[in-house]
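Residue numbers (the numbering used here), protein chains in the order written: chain E, 34 to 188; chain V, 91 to 210.
Simulated from the structure, these hints should not be mistaken for lab results. Here a beta-carbon is modelled for each residue, glycine too, at the ideal position from N, C-alpha and C. Do not take every clue at face value.
[Unchecked claim] Distance windows between CB atoms, simulated:
hint : chain 1 : residue 1 : chain 2 : residue 2 : range
1    : V       : Val121    : E       : Ser144    : 32 to 40 angstroms
2    : V       : Thr110    : E       : Asp141    : 44 to 52 angstroms
3    : E       : Glu166    : V       : Glu111    : 17 to 25 angstroms
4    : V       : Thr110    : E       : Arg170    : 17 to 25 angstroms
5    : E       : Ser144    : V       : Lys149    : 34 to 42 angstroms
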Amino acid sequence: MANLAVVGPALSKLELCDLLLDAAVELERSRSNRKFSRKPVERLASALSYASRPFDAAPQVGLIDPTFYDSFERLFRVQKTDTLESIDQLQAFVGEVVNELRSAEDGDVSSDAAKKVVDFCIGLHQELTREIEAESRFVIEDWRTSDIQASQGLG
Amino acid sequence: MGKKRRISAGKEPIYIYVSTEAKSDFTAYAVQYGLDETALANLLIAREERVGRLPRLSKATLEPSARTEKIVVHLAPERRQRFVRHVDDLGYSVSEAGALLVIDELQQKWLERCVGIDSD
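Generate the whole structure from the sequences, applying the supplied hints.
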C-alpha cells in the first residue's frame, strides 16, 4: 500500500496512481461484500482533497495541483461529457469523489456510489498513465557512466 | 557516447512479454473499459498485491517461445520493489508473473465484473 506520508505537496503521478489503484481494489471488494481495508480509501480522499484544495494565500481562489490538472480535466470531459468553463467545476467534480470516499471510509456508501468512485479511480489512473508513458520516452545522456569520460575530463 | 538512461531513475518500467494473440486480446479487452494495456496491467499488479492470485496460477499456461509482444508497466518505485520481491519469492521472473496475470485476467474477467456491472 502507498505510504500515508507521501500524501502531500510532493505527491507524484506514480504515487497518485498507486493510491487510485489501491482504493479501486478496496472499493470493488466492498461492492462485492468482501472484507476491505479503509486505509487506502482514506489516503486517496486526503490526496485528492489536497490536490483540489483552495489556494492557501487566497482561499476564495480555486486551485488544482498543476501536476494533475491535465489529467483531471481530461477525465472531467470524458465522464461528465460537459464543457469545462471554470476551475470551480473541476474542484466540484473532484470534491464529489472525495465526499463519496469519506462516506466509504465510514462504511456508508451504496454500491452505485462505490462504482462511480471505482470508475473515477480507474479513469484517472488511465489518464495519469498516459502522461507517465509519454514522459518516460525522454532519455538523457548519462556521462557519469560514459566510457570516454576519463579521457575527456567529463567525470 | 554516454549510455542512454531514462530521466526517471529508479522508476524504470516493468516489461511483460506475452504472445501476439494474448497482447491483441488484452488490448481489445482493456479498450472496452476505456483503458490501454499499460493501465490495465498496473491495475492487475495492484490487485495481485491485495489478493495474491499468482501462487494459484500455473506456469504451464505460458509458452516462452511465443512471448514476443511487450506490455509496459509503470509502477511507483515502492510498489515495483514489492512486486519484484513477491514474484521472486514465487520463483517467477517479473515478465512471467505479469504474463500469468494477463492470461488469468483474460480468462477470469475480473475487470468486467468490477466495472462492467451495470455499465449499460
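Those earlier numbered hints the structure runs against, lowest number first: Structure breaks hint 1 only.
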